[in-house]
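**Student:** Listed here are the chains, written in short residue letters.
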Amino acid sequence: MRDAFFRALARLGAADERVWALTGDLGVGLFEPFEAAAPGRYLNVGIAEQTLVGVAAGLAYAGKVPFAYSIAPFVTSRAHDQVRVDVACAGANVKLVGVGSGVSYGTLGPTHHAIDDLALTRVLPGMTVLAPGDPAEAERAAHAAAVHEGPVYLRLGKNGEPALLPPDVDFRIGRALELRGGPDVTIACTGTALREATAAVDLLAQEGVDATLLHFGTVKPFDAEALIAAAARTGAVVTVEEHSTVAGFGSAAAEVLAESGAGAVLRRVGLPDTFAHAVGSRDYLVDRYGLSGPAVADAARGLLERSPACPTT
Amino acid sequence: MSTSAELRLEADAARRIVLEAALASGSCHIGSSLSIVDILTVLYQRTLRAGEGDRFLLSKGHAASALYAVLARAGVLGEGDVIAGYCRDGGTYAGHPERHVPGVELTAGSLGHGVAVALGRALADRADGRDARTFCLVGDGELDEGSVWEAVALAGHLAPPGLRLIVDANGFQGLGRVGEVLSLEPLGEKFRAFGWVVSEVDGHSHAALACALGAPARRPVAIVARTVKGHGVPALEGEFMSHYRSFRPHERAILFAGLDRIEEAA
Numbered sequence: 079m080r081d082a083f084f085r086a087l088a089r090l091g092a093a094d095e096r097v098w099a100l101t102g103d104l105g106v107g108l109f110e111p112f113e114a115a116a117p118g119r120y121l122n123v124g125i126a127e128q129t130l131v132g133v134a135a136g137l138a139y140a141g142k143v144p145f146a147y148s149i150a151p152f153v154t155s156r157a158h159d160q161v162r163v164d165v166a167c168a169g170a171n172v173k174l175v176g177v178g179s180g181v182s183y184g185t186l187g188p189t190h191h192a193i194d195d196l197a198l199t200r201v202l203p204g205m206t207v208l209a210p211g212d213p214a215e216a217e218r219a220a221h222a223a224a225v226h227e228g229p230v231y232l233r234l235g236k237n238g239e240p241a242l243l244p245p246d247v248d249f250r251i252g253r254a255l256e257l258r259g260g261p262d263v264t265i266a267c268t269g270t271a272l273r274e275a276t277a278a279v280d281l282l283a284q285e286g287v288d289a290t291l292l293h294f295g296t297v298k299p300f301d302a303e304a305l306i307a308a309a310a311r312t313g314a315v316v317t318v319e320e321h322s323t324v325a326g327f328g329s330a331a332a333e334v335l336a337e338s339g340a341g342a343v344l345r346r347v348g349l350p351d352t353f354a355h356a357v358g359s360r361d362y363l364v365d366r367y368g369l370s371g372p373a374v375a376d377a378a379r380g381l382l383e384r385s386p387a388c389p390t391t
Numbered sequence: 015m016s017t018s019a020e021l022r023l024e025a026d027a028a029r030r031i032v033l034e035a036a037l038a039s040g041s042c043h044i045g046s047s048l049s050i051v052d053i054l055t056v057l058y059q060r061t062l063r064a065g066e067g068d069r070f071l072l073s074k075g076h077a078a079s080a081l082y083a084v085l086a087r088a089g090v091l092g093e094g095d096v097i098a099g100y101c102r103d104g105g106t107y108a109g110h111p112e113r114h115v116p117g118v119e120l121t122a123g124s125l126g127h128g129v130a131v132a133l134g135r136a137l138a139d140r141a142d143g144r145d146a147r148t149f150c151l152v153g154d155g156e157l158d159e160g161s162v163w164e165a166v167a168l169a170g171h172l173a174p175p176g177l178r179l180i181v182d183a184n185g186f187q188g189l190g191r192v193g194e195v196l197s198l199e200p201l202g203e204k205f206r207a208f209g210w211v212v213s214e215v216d217g218h219s220h221a222a223l224a225c226a227l228g229a230p231a232r233r234p235v236a237i238v239a240r241t242v243k244g245h246g247v248p249a250l251e252g253e254f255m256s257h258y259r260s261f262r263p264h265e266r267a268i269l270f271a272g273l274d275r276i277e278e279a280a
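Residue numbers (our numbering), protein chains in the order written: chain A, 79 to 391; chain B, 15 to 280.
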């Protein structure tokens with residue numbers, strides 16, 4: 079996903095001289111194609127995330143379209159006051175790019191895990207939050223971010239994510255993709271959790287459970303219409319995110335469902351309000367903290383057992 | 015009328031707007047605004063070249079009323095609007111400035127943000143071949159923020175020619191004298207060490223300010239302006255509580271005593 083983003087970034091830099099690429103001293107070997115395509119518009123500010131975001135805002139006020147890149151917690155949490163004031167409050171046309179969604183950085187530990195980046199960005203008024211599910215969608219999301227006028231946070235995985243989405247599908251900010259349309263249960267996912275959600279839907283299908291699979295490449299603005307329609311049809315929703323279950327994607331879904339009157343039952347799968355202190359790879363941690371495909375399928379089964387809201391007499 | 019007399023009258027007029035707005039709204043931060051009125055008056059009346067794209071970013075946002083006042087004197091805002099709309103229910107001018115207000119280049123209030131943003135603007139100017147200057151003003155207490163020094167270091171390294179930083183060294187911060195809370199002196203030496211050109215001036219001397227602010231340079235310049243908090247109001251000058259104190263209409267004479275004194279002298 080990261081390499082796919084950098085391919086898109088180089089193309090954007092070649093096509094639009096307003097596009098700049100900034101980094102907080104991360105991304106070894108990744109910016110060279112951009113530098114070649116957009117000479118003079120690459121800037122490494124050093125290990126200084128507040129300056130990364132502040133300088134990006136200054137460039138945006140001057141009419142540039144800066145992409146500010148770092149590891150996800152560093153660009154969203156470490157520099158949050160700059161993101162809040164210089165970017166969101168001021169409505170700056172800055173594109174924040176965080177690599178390493180969820181527990182992608184695995185063994186590097188909780189400082190490098192992005193379990194709160196969706197929460198920190200989606201709470202900000204005017205912020206658009208994108209979380210693509212596979213490499214091709216990351217490229218399309220980067221293009222959409224560049225075209226969109228206003229603050230964007232683009233959440234990337236790392237590398238090695240499988241291609242999971244149909245190759246010909248458009249990326250539209252604010253639109254979820256319905257990948258399966260089954261009547262039994264809705265699995266709604268965002269970002270890199272698309273992998274686990276897809277695995278869960280496949281497992282359920284083997285048991286004769288025909289699920290709806292909704293993928294949200296955009297967390298904000300939230301595609302409430304798509305979720306409410308699926309919830310009304312299936313009566314049960316499982317959200318899946320590589321993020322804390324607090325204040326992220328599942329919470330956004332809960333807010334929408336609670337006010338919708340759709341009457342669906344909901345289960346949120348994500349990191350259960352904990353840092354991932356265990357040591358291990360991304361896949362190990364996903365399994366250890368209950369976000370794996372089988373765990374998502376379990377959550378769906380649990381809802382299926384209790385979801386029929388039939389009268390008892 | 016001599017140019018220095020003109021500037022004196024301009025600064026007094028701006029001070030009067032600051033005080034009228036403070037009195038009308040019953041708001042605080044008067045001393046913080048008064049310490050930069052002379053700086054901003056010289057900047058807006060003499061230094062900024064609108065045709066070249068010069069701009070000013072107020073990083074110590076709590077001195078917003080001084081910015082509104084000089085913008086009003088420059089004809090960007092209406093004087094009556096500023097006085098009536100500052101820190102009032104339904105007003106236009108918040109106690110900390112926002113970019114959607116005409117003439118305001120930085121949304122400020124959370125300290126330590128301005129230098130990085132000003133650096134971004136100065137880098138854009140250099141990249142686009144514009145001969146514009148970006149002035150940013152920080153308070154000396156604001157220099158406690160680590161983000162200031164991140165940006166100061168990077169600015170010294172990248173050295174965009176149009177960047178100008180003004181330090182309003184009024185010697186006070188939230189809970190006391192800067193020298194007692196967290197002394198960062200010698201300030202000039204610190205900026206020099208980061209590769210900046212430095213000048214130190216009396217922040218109430220219009221002639222000294224005009225010279226320092228307008229001095230040509232091909233790299234970032236830090237102008238350390240030694241100022242008096244509450245300048246122009248005898249009851250507030252050099253007073254720690256001038257940051258917090260607000261005034262009611264019956265105290266009008268206290269606020270304006272200094273201006274009357276100046277007018278009599280002129």
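Some clues are possibly wrong.
[Said to hold, decoys possible] From the structure, some residues in chain B lie toward chain A, with a derived Cβ separation under 8 Å:
1. Arg113
2. Val115
3. Ala141
4. Glu164
5. Leu196
6. Arg266
7. Ile268
[Claimed, not checked] What follows is a set of in silico ranges between Cβ atoms, one per label pair, in the way DEER data are often shown:
8. B/Arg206 x A/Pro245: 54 to 60 Å
9. B/Gly202 x A/Val106: 54 to 60 Å
10. A/Leu186 x B/Pro248: 33 to 39 Å
11. B/Asp216 x A/Glu333: 44 to 50 Å
If you are wondering where the hints come from, they were derived from the structure by calculation, not from laboratory data.
Yeah, the Cβ is synthetic: ideal placement off N, Cα and C, and Gly gets one too.
**Student:** Against each hint, give a clear statement of whether it holds in the structure.
**Tutor:** Status of each hint after checking the structure:
1. The closest approach between the C-beta of B/Arg113 and any C-beta of chain A is roughly 5 Å, which is under the 8 Å cut-off, so the hint is satisfied.
2. For B/Val115, the interface hint is violated, since its Cβ never comes within 8 Å of a Cβ in chain A; the closest pair sits about 12 Å apart.
3. The interface hint given for B/Ala141 is met, as the beta carbon of that residue sits about 6 Å from the closest beta carbon of chain A, less than 8 Å.
4. Evaluation of the B/Glu164 hint against chain A yields a held restraint, the C-beta minimum of about 4 Å falling below 8 Å.
5. The restraint placing B/Leu196 at the interface with chain A is violated, with a minimum CB-CB distance near 19 Å, outside the 8 Å limit.
6. Given hint, B/Arg266 at the interface with chain A, is violated; its Cβ is 35 Å from that chain's nearest Cβ, farther than 8 Å.
7. With its C-beta approaching chain A no nearer than about 35 Å, B/Ile268 sits outside the 8 Å limit, and its interface hint is violated.
8. The supplied range of 54 to 60 Å is met by B/Arg206 and A/Pro245, whose beta-carbon atoms lie about 58 Å from each other.
9. Hint check: B/Gly202 to A/Val106, Cβ distance near 38 Å, so the stated range 54 to 60 Å is violated.
10. The hinted window of 33 to 39 Å between A/Leu186 and B/Pro248 is violated, with their beta carbons roughly 60 Å apart.
11. At roughly 57 Å, the beta carbons of B/Asp216 and A/Glu333 sit outside the given window of 44 to 50 Å.
When held up to the earlier numbered hints, the structure conflicts with 2, 5, 6, 7, 9, 10, 11 and fits the remainder.
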